[in-house]
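The listed protein sequences derive, respectively, from chains A and B. Counting from 1, one number per residue, gives the positions in the first sequence under this note's numbering. Counting from 1001, one number per residue, gives the positions in the second sequence under this note's numbering.
No lab work stands behind these hints: they were computed from the structure. Do not rely on the hints blindly, as some may be mistaken.
Said to hold, decoys possible - Only part of the chain A face toward chain B is listed, based on derived beta-carbon distances under 7 Å:
(1) Gln41
(2) Gly42
(3) Leu43
(4) Leu91
(5) Asn103
(6) Ile104
(7) Phe107
(8) Gly108
(9) Ala109
(10) Gly110
The beta carbon of each residue, even a glycine, is placed where N, CA and C say it ideally should be.
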Amino acid sequence: GAGVSQSPSNKVTEKGKDVELRCDPISGHTALYWYRQSLGQGLEFLIYFQGNSAPDKSGLPSDRFSAERTGGSVSTLTIQRTQQEDSAVYLCASSPDRGYDKNIQYFGAGTRLSVL
Amino acid sequence: TQLLEQSPQFLSIQEGENLTVYCNSSSVFSSLQWYRQEPGEGPVLLVTVVTGGEVKKLKRLTFQFGDARKDSSLHITAAQPGDTGLYLCAGVQYSSASKIIFGSGTRLSIRP
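Based on the sequences and whatever the hints tell you, model everything.
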């Protein structure tokens, strides 16, 4: 079966440009998470969507970051006016909200963003 | 604020040696997960420990959840080059069951 898909896998942009990162979660998973990972370190929580509830945006580092989840499925993370410190791997994960694997996060391969 | 601290941050050992990675917090978690991440890929779940004091074994890997549910350890016996990767612990909070806090990670390298 299909796993979590992220696109693009790599993105190089110039400072000041806007970028959009896409995540296709596993079908039927109601929870979707975005994380940022710098230099192969731990994961920094950005935002969490659960069904039709209001998203938990507590991890977004600035108002240049925003995310949407349309129709409870695909999600887009947008970074406006990119800065060099935004360079990182952006990981998306999805999770079912019930069953034996509730709270298990299934990750995509990530989008590596490089801001020049 | 980093709620989960892992140690060591980096570890390079010879094939066949044993090692232990630690995950510590001042917070209590309802459960704790361990993930492994290889270059260019997302983390993949290895195990979930739920009960205080619980020990789980996965071949040469032994995972333990502390009695107070604040810490965990991962012990690898007779490490092999295939064990190389980034190991991440992640705690599931009682206050928000679906917000999982990840540790800082331990980068493990096994030399042949």
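Non-conforming hints, listed in increasing numerical order: Checked against the structure, no hint fails, so every one of them is satisfied.
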